Each structure stands twice: as structure tokens, then as C-alpha cells.
Amino acid sequence: MKIDAQGLYYRDLNQKIREAVAAGATEIELVNVNGQYFIGDGINREVTLTIQGVPGNDLAAFMNGATIIVRDNGQDNIGNTMNAGKVIVHGHAGDVLGYGMRGGRVHIRKDVGYRVGIHMKSYNENKPVLVAGGKAGDFFGEYMAGGVLILLGMFSDDADKPKHGFRFGTGMHGGTIFVRGEVDEKKLSREVGVFELTDGDRQELEGYLKDYCGDFGIDFAEVMAERFVKILPKSTRPYGNMYCPMPR
Amino acid sequence: MNVTRKPTHNFQKDISNCGLTGFISKSGTLVGGEVIIKSIALMHDRGNGLGGGFAAYGIYPDYREFFAFHLMYESGMALQLTEEYLERHFFIEQHEEIPTRRTPAIVNPPVFKRYFVKPLETPEYREAIEFQKMTDEDVVVRHVMAVNNEIEGAFVVSSGKNMGAFKGVGYPEEIADFFRLEEYKGYVWTAHNRFPTNTPGWWGGAHPFTLLDWSIVHNGEISSYGINKRYLEMYGYLCTMLTDTEVVAYTLDLLIRKHGLTPELASLAMASPFWDIIDALPEDERKLLTAIRQVYGSALLNGPFAILFASNEGLIGLNDRVKLRPLVCATKDDFVYMASEEAAIREICPQPDKVWAPRGGEPVIAKLNPGVI
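Protein chains in written order, with the numbering used here: chain A, -4 to 243; chain B, 3 to 375.
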């Protein structure tokens, strides 16, 4: 079904979406979206929302199982505390992407903003995966506690921009970051180190990237043609001794 | 057991931000006020109705040689004292009420008047020009500070040439309706939707904050306000608007107009990189930035911010160095757009040539083409 969001207030639009989901819709197309907040928040069903236009902040927050496809750019706070499901953005995405995400996947084709993957976490089978095809701002993987962040640096509108920003992995104490090509070690935080991939890592990474490439029609072989590095935290408690030495 | 439990809290989220948006036509194309209204109104929910405002450049071409004073009066006495003051110090080419529209949304507005003026050649003026090496702009700044500080209930809303600020308590689209903004045409427009946090929501506290033709709209909070305020006081700038953003307008005037810094260097003084990043730079850049931080330590703005500052020269967007507030930019032909949300740009420019998020601390500078004004 199709919903025309032209000039619609965000509460009214989200009400219509929730009613359509409750009525059993499996494919919902939203057209003329521009800036409406909270689209797809808290949806518990396996429904696919396709968005034409730029959705507002907090897209897919607390989402639990739905798929959202954004044909244009996204704004800030996408996938906040998302539990399951998938977000696919064909353009770029803003700051604080995947904040506290605890499951599901977020696939961004182009650049991402500051503080991507901040405080992502994982528990048993709940393992969030966030892939950015372009370049990233500062504080990538800030306070990351679990899950997987992948930065490709391939599909950016800005050729001169560095692949990633400063303070990379600040406060990171869990999870894994994979970066295609090199990282700029000057911009890494003290809490993380660079490692080679194991065979197990490579297998896991290929699984994530096949899924990613499939969503955008990207040549998987080209993505894998470059080596990847792995960034891991040096400690699971980076600030354990910040104020006073703590007993182990 | 069947117990109906009350919700623990209200699940309707209150969106608490400020919103800002602005654009420039680098070739000087005049754009009607309805465009900026449409852009800021899209971000209605970023404010809470306690402040909205606009700055517009190119709106008074017939009086382009005169300083355009927008005055706000809370009482008849303030009006009388200010007009006596202005008559003593200025040649007044034209004065009139700023046209407003009665609207139910705007309650108890103050009185607004505008004056197109030039400094009079009084003995005091000649003393300032000949012996204190002041310029007309310096003289105007001194009088703006005097009116704001010494006349109770009178506030200079803006004082630049061929520009004006329009602001008050209400949502920005309500303020625009009140000031009949759709009747103005300008080549630079900025707008602000306020969500006051630490300081009162009053007419003078709405954005933009201005001095001469500088105007600032700001989202965030300037934690270094006390240091900045005291620093500016040494140079004769007096903060009277009860709001942190005011220091940015005066700092720009000091750094760019008085000290001759480029907008790029002024931005680096206000949002300096951290020392460890400066230390890793090539020798000449390291020396420059070290000098800037040493000389202008008290002009450093601490805290989260996204600001737009406009003047008759152009429009500049700047984030704090760790980008704790949103700012998105776009270009289309000779237009440059800057806003808190991309959607606010797309509302008035559906297919931009380029959209990007600037880095924290790195100014986006869009200047009018040479010869436009």
C-alpha cells in the first residue's frame, strides 16, 4: 500500500503507518516524505517500509523486525536502540547512527556522520551490524560495547575527505570494527589497536558484506579486492582506573 | 491476577532542540521572506514557542547608505528617551513603525520602530574620529551599547546597513506573520526556532543577536559565556540580552572588524582544534593555531553549538569542534543552504547539487560574489 506523506505532521503519518501495520500490510510505500520524525519506531512486525524523500530524525528507533528502505538521504539518530530488522539507506546518513543498537542491521551506502555506532552492544544471538559504504566523521565506534561496525570508505560524494575522523574508537570496550584498507593510526583513540583478520573474521565479514552488496547491487568482488583491518579494544574496562585504581 | 498498571511516564516524546536555517544567493538574487519561513516552519517541533526570529540582508536598498536601527520598546518612556538620544547623536533620514500584523498567536508585543541614520558631526563625534581613531562603525557600536545598557526597556534589535532582524516570543512562523516578513526581499536570510534552556524566553532573548550587520543564530549553549563576556567587556562590549549567544555577535565584531582576522581565522579562534591535534600539524599551521589559541583563549567558545552568522559579505556556518549539534549544508546553482536538518533545506530546494555535513570546527563560508553590493 502507499501513503502520501506530503505536508503530513509526523504524528499523523506514524499513526497511519501503525494502523497499516496493524491491519496486516507487508509492503508500505511512503512517498513525499520530508523530515517527519520517528518513522518506523517500535514496529514489531516483519513489514517493509520504502521511503521516497528524506525521513526525519530517529528513524527506526526501537524497531524490532521491520525493514526500512530509504531511497534518498537519512538524517540523525537512525536506528536508536534498534532491536531487530534492517535499515537500508541509499544516500548518506547523519550523526549518532545506531546509538545503543542491540540487534539487526543498518546498511548505509554513502557517508555517515559523527559518533556512528555509539554504545552499540550485543548479547548472545543479538549482534547488531552496521555497514557504512562511504566515509565517517569523528568518534566512530564511541563507547562501543558489542556488535560489528564496518567502514568501506568507497562510496563518498567527497573525494578529498579522509576515510575516517579523529577519536576513532574512543571508550570502545567491546565489539569489532572492520575497515577496508588502512586506518590513520594518528586518529585512533588510545583504547583501541589494529589487528590482522583471522580466517574466521574473514568468513564472518564476507557474510555481512554479501548481504550489504546485495541490497545496493554493488560488486562484492570489488569490495573484497582490498585488504581489511580489524580494530579491537585493548581493554574491556578502559576507564576502570580513571578516578582511582580499582581492585581487579 | 489482573492488575491494570498505569504507564510509568508519558510516552509522547518532547523534542527539545533549537532549529536554525539560512541561505545566501551569491549573485545577490532577492528572495521573498516566504521561502525562509517555509524552511524554518518544517522544523516547528525543534522549538517550543518561546522564541523565533529572522535576519534578512538586502531588504532596504533605498536606504543602503544608512544604518538601519531596529528598536524594541517595552514602554513609552523608553521610546521617548531613545528618540531623544538618537536625535542628539544621529541624522535621521527616515523613521517609522516596523509594520506588524495583529495576530492571535502574539500576545503583548513590545513596540517596534526603525530608523535610518548616520552619525551627526557633534563635538563628541569629531573627538572620536579625529583623536580616538574611531570609525563610524565604532561610533555606532558605542551608541548601541549605550541604548541597550542605559535606557531601561529599549533594545537595539539590529543596527547594520541594508539589513534587519525581526524576532520575538512565539514560533518562528508566528513571528514572521507578525512582522509581515513575506513583504521583504533579501539575498541572505537566516531563521531561528528557539527552545530556551538556561535563560529566559523573552523578546530580546530570541535569536538572531546582532551588532552592526553581524547577525547570529545559534543552537546549543555557550558554557564559556562568563569568560567571553568579561573578555568582551574589556573592549567596551556590554552584554545586556541575558543570553549566551549574544557574546558570539560581539566576538565576531571584535575579531573580524576590529582586529582584521579573516572569517576563517575568527572561526578557528572560536572553535579551535584541541592541542593534540594542533601539535600534530605541519610547522607553519601549528605555529598559527598555537598563536591563535594563545592570543584568543578568552574568545574560545566552549560547549555544544551550531551557529550561522551572516553579514552583508555572506553567510558562514560553524559547529563546535566535536560537532555536538547538527548542521547540514547544500548548494544549488549560486545558492548555499545551511540548516539543522537536511529536510529543512529540501523543503525549499528539493534537488540540491550537493549536500554535505561539515566537520566540527570547520567553517562553511559562502561569500557574495564580488561587485554584487
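Think of the hints as simulated: they come from the structure by calculation, not from any bench. Any given hint could turn out to be false.
What the hints assert, rightly or not - With a straight-line Cα cutoff of 20 Å, these simulated EDC-like cross-link-like pairs (lysine to aspartate or glutamate) come out: (1) A:K156 / B:E175; (2) B:K356 / A:D206; (3) A:K229 / B:E175; (4) A:K182 / B:E175; (5) B:K334 / A:E186; (6) A:K181 / B:E89; (7) A:K181 / B:D281; (8) B:K40 / B:E152.
Said to hold, decoys possible - If we take Cβ atoms under 10 Å as the criterion, some of the chain A residues that face chain B in the derived model are: (9) N39; (10) G51; (11) D67; (12) G69; (13) G132; (14) F161; (15) R162; (16) G166; (17) G169.
Because the structure is a prediction, the values reported are computed rather than measured. Backbone N, C-alpha and C fix where the C-beta goes; we use that ideal spot for every residue, glycine too.
Evaluated hints:
1. This hinted pair does not check out: K156 (chain A) and E175 (chain B) have alpha carbons roughly 37 Å apart, beyond 20 Å.
2. Between K356 (chain B) and D206 (chain A) the alpha-carbon distance is near 28 Å, which puts this suggested pair outside the 20 Å criterion.
3. A C-alpha spacing of about 52 Å is found between K229 (chain A) and E175 (chain B), which places the hinted pair above 20 Å, so the restraint is violated.
4. Of the pairs offered as hints, the one joining K182 (chain A) and E175 (chain B) is violated, with about 43 Å between alpha carbons and a cut-off of 20 Å exceeded.
5. Under the criterion of a C-alpha separation no larger than 20 Å, the hint pairing K334 (chain B) with E186 (chain A) is inconsistent with the structure, at around 42 Å.
6. Only pairs whose Cα atoms come within 20 Å are accepted, and K181 (chain A) paired with E89 (chain B) is rejected, the gap being roughly 61 Å.
7. Among the hinted pairs, K181 (chain A) with D281 (chain B) is consistent with the structure: their alpha-carbon atoms are about 12 Å apart, no more than 20 Å.
8. The suggested pairing of K40 (chain B) with E152 (chain B) is violated, with an alpha-carbon distance near 38 Å, which exceeds 20 Å.
9. Restraint check, N39 (chain A) versus chain B: the minimum CB separation of about 15 Å is more than 10 Å; hint violated.
10. Against a cut-off of 10 Å between C-beta atoms, the interface hint on G51 (chain A) holds, since the closest Cβ of chain B lies about 6 Å away.
11. Checking D67 (chain A) against chain B: minimum C-beta separation of about 8 Å stays under 10 Å; hint holds.
12. Proximity of G69 (chain A) to chain B holds as hinted, the smallest CB-CB distance being about 9 Å (cut-off 10 Å).
13. Checking G132 (chain A) against chain B: minimum C-beta separation of about 7 Å stays under 10 Å; hint holds.
14. Interface hint status for F161 (chain A): upheld, as the beta-carbon distance to the closest one in chain B is roughly 7 Å, under 10 Å.
15. Interface restraint check for R162 (chain A): the shortest CB-CB distance to chain B comes to about 8 Å, inside 10 Å, so the restraint holds.
16. The interface hint given for G166 (chain A) is broken, as the beta carbon of that residue sits about 13 Å from the closest beta carbon of chain B, more than 10 Å.
17. About 23 Å separates the beta-carbon of G169 (chain A) from the nearest beta-carbon of chain B, more than 10 Å, and the hint is not met.
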